[in-house]
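Residue numbers (the numbering used here), protein chains in the order written: chain S, 598 to 862; chain H, 598 to 862.
A few of these clues could be false.
Treat identical chains as interchangeable: a pair holds within one or across any two.
[Stated by the list, open to error] Calculated lysine to any residue pairs in the SDA-like style (CA-CA distance at most 25 Å, straight line): (1) Lys-754 <-> Glu-709; (2) Lys-724 <-> Gly-707; (3) Lys-674 <-> Glu-709; (4) Lys-627 <-> Asp-654; (5) Lys-724 <-> Ser-711.
Just so you know, these hints were derived from the structure itself, not from any lab.
Protein chains: 2
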Amino acid sequence: MSKIKSPTIRVETSAAKTCEAVRAAQQAGKTVGFVPTMGALHEGHLSLVDASLAECDKTIVSIFVNPTQFGPDEDLKNYPRSLDRDLELLEQRGCWLVFAPPVEEVYREGHETSVDVGSVALPWEGKSRPDHFGGVATVVLKLFQIVPADRAYFGQKDYQQSLVIRQMAADLNVPIEIRVCPIVREPDGLAKSSRNAYLSPEERKQASGLWQALKIAETLVAEGETSAAVITEKMKPLLEHVDVESRCFERVRSTKWRRSQKRRS
Amino acid sequence: MSKIKSPTIRVETSAAKTCEAVRAAQQAGKTVGFVPTMGALHEGHLSLVDASLAECDKTIVSIFVNPTQFGPDEDLKNYPRSLDRDLELLEQRGCWLVFAPPVEEVYREGHETSVDVGSVALPWEGKSRPDHFGGVATVVLKLFQIVPADRAYFGQKDYQQSLVIRQMAADLNVPIEIRVCPIVREPDGLAKSSRNAYLSPEERKQASGLWQALKIAETLVAEGETSAAVITEKMKPLLEHVDVESRCFERVRSTKWRRSQKRRS
Numbered sequence: 598m599s600k601i602k603s604p605t606i607r608v609e610t611s612a613a614k615t616c617e618a619v620r621a622a623q624q625a626g627k628t629v630g631f632v633p634t635m636g637a638l639h640e641g642h643l644s645l646v647d648a649s650l651a652e653c654d655k656t657i658v659s660i661f662v663n664p665t666q667f668g669p670d671e672d673l674k675n676y677p678r679s680l681d682r683d684l685e686l687l688e689q690r691g692c693w694l695v696f697a698p699p700v701e702e703v704y705r706e707g708h709e710t711s712v713d714v715g716s717v718a719l720p721w722e723g724k725s726r727p728d729h730f731g732g733v734a735t736v737v738l739k740l741f742q743i744v745p746a747d748r749a750y751f752g753q754k755d756y757q758q759s760l761v762i763r764q765m766a767a768d769l770n771v772p773i774e775i776r777v778c779p780i781v782r783e784p785d786g787l788a789k790s791s792r793n794a795y796l797s798p799e800e801r802k803q804a805s806g807l808w809q810a811l812k813i814a815e816t817l818v819a820e821g822e823t824s825a826a827v828i829t830e831k832m833k834p835l836l837e838h839v840d841v842e843s844r845c846f847e848r849v850r851s852t853k854w855r856r857s858q859k860r861r862s
Numbered sequence: 598m599s600k601i602k603s604p605t606i607r608v609e610t611s612a613a614k615t616c617e618a619v620r621a622a623q624q625a626g627k628t629v630g631f632v633p634t635m636g637a638l639h640e641g642h643l644s645l646v647d648a649s650l651a652e653c654d655k656t657i658v659s660i661f662v663n664p665t666q667f668g669p670d671e672d673l674k675n676y677p678r679s680l681d682r683d684l685e686l687l688e689q690r691g692c693w694l695v696f697a698p699p700v701e702e703v704y705r706e707g708h709e710t711s712v713d714v715g716s717v718a719l720p721w722e723g724k725s726r727p728d729h730f731g732g733v734a735t736v737v738l739k740l741f742q743i744v745p746a747d748r749a750y751f752g753q754k755d756y757q758q759s760l761v762i763r764q765m766a767a768d769l770n771v772p773i774e775i776r777v778c779p780i781v782r783e784p785d786g787l788a789k790s791s792r793n794a795y796l797s798p799e800e801r802k803q804a805s806g807l808w809q810a811l812k813i814a815e816t817l818v819a820e821g822e823t824s825a826a827v828i829t830e831k832m833k834p835l836l837e838h839v840d841v842e843s844r845c846f847e848r849v850r851s852t853k854w855r856r857s858q859k860r861r862s
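Let's have the full structure, built from the sequences with the hints guiding it.
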């Protein structure tokens with residue numbers, strides 16, 4: 598195991614100082630790219646950092662496990678945290694600044710304001726996690742005020758989340774360009790995710806069935822199939838051994854919807 | 598009647614160009630003050646402009662009658678509008694830029710996002726105008742994204758509104774300093790308001806009873822009276838001839854609350 602060196606990357610815990618640093622960079626004529634994360638960084642996050650590094654003069658990453666997007670029975674307490682390793686990875690990558698605030702720096706005492714993006718947050722994951730997208734929209738808006746970057750980068754893995762953020766930013770006239778970047782996958786097709794750490798070796802093996810099922814769905818859609826029921830039926834055998842909740846089936850419809858939208862435009 | 602000259606003040610209808618202008622000014626080292634208005638400017642608005650002119654290098658005023666803060670039975674259609682005269686006044690005052698967008702520049706097609714500031718919007722005016730403060734908080738946040746000024750100026754006349762805006766800006770980490778400036782009154786004590794134009798000469802005369810009643814309340818509070826019921830009872834005779842709705846009584850309690858808060862701190 599390689600020894601973790603103490604990173605020398607600039608780390609800010611203060612919202613005001615972070616905002617000041619971003620503005621100073623912009624006043625010096627630099628473009629700033631922003632990658633909001635909850636830490637426990639993997640190649641998916643780093644691909645967003647790379648996209649920002651390629652397009653912007655300076656890249657800032659936030660590491661903040663946002664409590665308001667977790668439901669009461671969800672994994673806030675056990676969500677994986679690895680700040681030292683995250684900082685080392687970001688330093689190696691050439692990141693400029695990390696905003697890693699304590700909770701009270703983001704949520705002041707007495708805070709009550711929330712953001713509701715409307716219908717895009719209601720179906721799919723919004724159904725099974727009723728407060729999730731309100732928490733996401735609110736914290737991303739807050740981070741956009743603290744980090745008034747030129748561009749912000751999100752992963753397509755959280756597809757509905759990317760729709761929620763686009764809706765929020767466009768509706769509220771936030772002057773930050775939203776970039777949504779491709780999913781990064783494990784060799785067997787499973788999307789990289791901090792929460793993959795929760796899977797036992799057996800579950801991890803079975804989880805690739807998800808990707809195989811999605812590939813089948815993709816093929817069917819490409820061949821012109823438009824019935825979610827038909828697509829779902831053909832995916833089922835591959836998901837037999839996966840402990841997957843029904844909401845995952847619904848996401849297929851989201852993909853279909855996106856494709857049919859594209860076709861229409 | 599003096600002839601209205603065509604104003605030469607810079608007027609922008611584009612959100613993007615306005616944002617760009619504010620940033621360019623800041624990048625040139627100038628501080629920017631922002632006065633959001635719904636037009637029909639009077640001495641109250643102009644006192645906010647003056648406060649901004651005194652504290653900031655450049656002052657930008659928005660003129661936008663925001664449809665989402667009017668209830669279905671309210672006066673959106675008939676709200677007084679006087680753009681030419683407003684521009685002339687602002688030019689005379691030494692204002693830098695006026696943002697006067699059409700509705701569709703502020704609310705894009707398909708917009709659904711709204712901001713809820715929580716408990717501060719519920720009592721008093723929030724009771725009689727249930728969607729009002731949501732509309733106010735949302736449009737002010739939007740204007741703050743379009744006009745990323747250093748300071749923004751609001752009148753204390755709309756006292757609960759100022760609390761709503763402070764709550765929104767603080768909760769969402771908006772990096773704009775909120776300034777709340779004193780009420781400007783007519784010689785007989787009535788607060789200056791664009792909606793005073795709705796009053797008939799008889800109503801206008803009677804309306805000064807409001808101010809007289811408030812003065813009595815102020816005196817009682819200064820003398821140590823803390824019972825809203827007692828204060829209300831003593832105000833009543835002065836309001837007998839005023840066509841005033843019961844919510845106005847409730848605002849007395851808001852004043853008392855503010856004072857008692859101050860006393861405690």
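Which of the numbered hints above does this structure break? Those not satisfied: there are none.
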